[in-house]
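J.: Now for the letters of each chain:
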Amino acid sequence: KAGVTQTPRYLIKTRGQQVTLSCSPISGHRSVSWYQQTPGQGLQFLFEYFSETQRNKGNFPGRFSGRQFSNSRSEMNVSTLELGDSALYLCASSAGTGAAETQYFGPGTRLLVL
Amino acid sequence: AQSVTQLDSQVPVFEEAPVELRCNYSSSVSVYLFWYVQYPNQGLQLLLKYLSGSTLVKGINGFEAEFNKSQTSFHLRKPSVHISDTAEYFCAVSSLSGGYNKLIFGAGTRLAVHP
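Just so you know, the protein sequences line up as chains A and B, in that order.
Numbering of the first sequence is given in the working numbering, commencing with residue 1 and proceeding in unit increments.
Numbering of the second sequence is given in the working numbering, commencing with residue 1001 and proceeding in unit increments.
Worth flagging that the hints you see were computed from the coordinates, not collected in a lab.
Every value quoted in this text rests on a predicted model; they were computed, and no experiment measured them.
Keep in mind that a hint or two might mislead.
Derived Cβ-Cβ restraints for the label pairs, each shown as a range [said to hold, decoys possible]:
no. : chain 1 : residue 1 : chain 2 : residue 2 : range
1   : B       : H1114     : A       : T20       : 37 to 47 Å
2   : A       : E101      : B       : I1083     : 27 to 37 Å
3   : A       : R15       : B       : L1056     : 43 to 53 Å
4   : B       : I1083     : A       : G62       : 39 to 49 Å
5   : A       : K13       : B       : S1070     : 45 to 55 Å
6   : B       : P1115     : A       : T80       : 42 to 52 Å
7   : A       : G62       : B       : H1082     : 39 to 49 Å
8   : A       : S51       : B       : I1060     : 26 to 36 Å
9   : B       : A1001     : A       : E101      : 18 to 28 Å
10  : A       : L114      : B       : L1056     : 41 to 51 Å
11  : A       : P61       : B       : S1009     : 27 to 37 Å
12  : B       : S1054     : A       : G42       : 24 to 34 Å
13  : B       : E1015     : A       : T80       : 42 to 52 Å
One-sided excerpt, in silico: chain B residues whose CB lies under 10 Å from chain A [what the hints assert, rightly or not]:
no. : residue
14  : F1034
15  : G1043
16  : K1049
17  : L1051
18  : F1090
19  : A1092
20  : S1095
21  : G1098
22  : G1099
23  : Y1100
24  : L1103
25  : I1104
26  : A1107
Quick look at which bits of chain A chain B covers, simulated, 3 or more residues with Cβ under 8 Å [said to hold, decoys possible]:
no. : stretch
27  : 55-61
28  : 89-97
29  : 103-113
Built from N, CA and C at the ideal position, the CB exists for glycine as well.
Same shape as in the complex, but just chain A (with noise of 0.2 Å):
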């Protein structure tokens, strides 16, 4: 069974742009929760999405988005980029209907802000 897969891995972008990054959850996974990582702040929660809505959200501002298609893949898009967004970005995928599951996690998207 393939893992979660983030695309792309590594990106470069400068102040004032945006950015979309790509997670494809395992395949039955219908939850798919993103994290930022950062030397400064750690793990911390952006969202969930569960069948194409939006579950639960952490506390990051609205230039952080994302979205969930039916096929369960998932991408989060930051607008208007500031340096503090450089980060690992990872995704988690879980089948999303219980405690009791694992949350599988990809091996992120790294994201340098110039």
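Since chain A is already given, all that's left is putting chain B on it; use the hints.
T.: Coordinates of chain B only, in the frame set by chain A:
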């Protein structure tokens, strides 16, 4: 609100020695508890989780953790570490009310195993 404190940012240890990585949490509701490991340039891998039941949880790679409700702790242990255990370890919590897939992570503990 929930929070997680990992009491050691770095833990050096010799190969084949035992290790304990400490984690305390704060929550006003019942929580689910997790330990994840992150190897360099990789995502997170679940080591073990506590949902309910027995307070001693066994995970992969010989790791185990004990849930202590009175001390609000969930310390990770391994009786004999290997060089390959060198990685960063994260303790995390979630709850039914906060969203069981919304993980709140600690700052991480870097385990360095020396020969």
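J.: If a hint holds in the structure, say so; if it does not, say that too.
T.: Taking the hints in turn, this is what the structure says about them:
{"no.": "1", "hint": "B:H1114 x A:T20: 37 to 47 Å", "result": "42 Å, holds"}
{"no.": "2", "hint": "A:E101 x B:I1083: 27 to 37 Å", "result": "32 Å, holds"}
{"no.": "3", "hint": "A:R15 x B:L1056: 43 to 53 Å", "result": "50 Å, holds"}
{"no.": "4", "hint": "B:I1083 x A:G62: 39 to 49 Å", "result": "45 Å, holds"}
{"no.": "5", "hint": "A:K13 x B:S1070: 45 to 55 Å", "result": "48 Å, holds"}
{"no.": "6", "hint": "B:P1115 x A:T80: 42 to 52 Å", "result": "48 Å, holds"}
{"no.": "7", "hint": "A:G62 x B:H1082: 39 to 49 Å", "result": "46 Å, holds"}
{"no.": "8", "hint": "A:S51 x B:I1060: 26 to 36 Å", "result": "30 Å, holds"}
{"no.": "9", "hint": "B:A1001 x A:E101: 18 to 28 Å", "result": "24 Å, holds"}
{"no.": "10", "hint": "A:L114 x B:L1056: 41 to 51 Å", "result": "49 Å, holds"}
{"no.": "11", "hint": "A:P61 x B:S1009: 27 to 37 Å", "result": "28 Å, holds"}
{"no.": "12", "hint": "B:S1054 x A:G42: 24 to 34 Å", "result": "29 Å, holds"}
{"no.": "13", "hint": "B:E1015 x A:T80: 42 to 52 Å", "result": "48 Å, holds"}
{"no.": "14", "hint": "F1034", "result": "9 Å, holds"}
{"no.": "15", "hint": "G1043", "result": "4 Å, holds"}
{"no.": "16", "hint": "K1049", "result": "7 Å, holds"}
{"no.": "17", "hint": "L1051", "result": "6 Å, holds"}
{"no.": "18", "hint": "F1090", "result": "7 Å, holds"}
{"no.": "19", "hint": "A1092", "result": "8 Å, holds"}
{"no.": "20", "hint": "S1095", "result": "9 Å, holds"}
{"no.": "21", "hint": "G1098", "result": "8 Å, holds"}
{"no.": "22", "hint": "G1099", "result": "4 Å, holds"}
{"no.": "23", "hint": "Y1100", "result": "4 Å, holds"}
{"no.": "24", "hint": "L1103", "result": "6 Å, holds"}
{"no.": "25", "hint": "I1104", "result": "7 Å, holds"}
{"no.": "26", "hint": "A1107", "result": "5 Å, holds"}
{"no.": "27", "hint": "55-61", "result": "holds (count 3)"}
{"no.": "28", "hint": "89-97", "result": "holds (count 4)"}
{"no.": "29", "hint": "103-113", "result": "holds (count 6)"}
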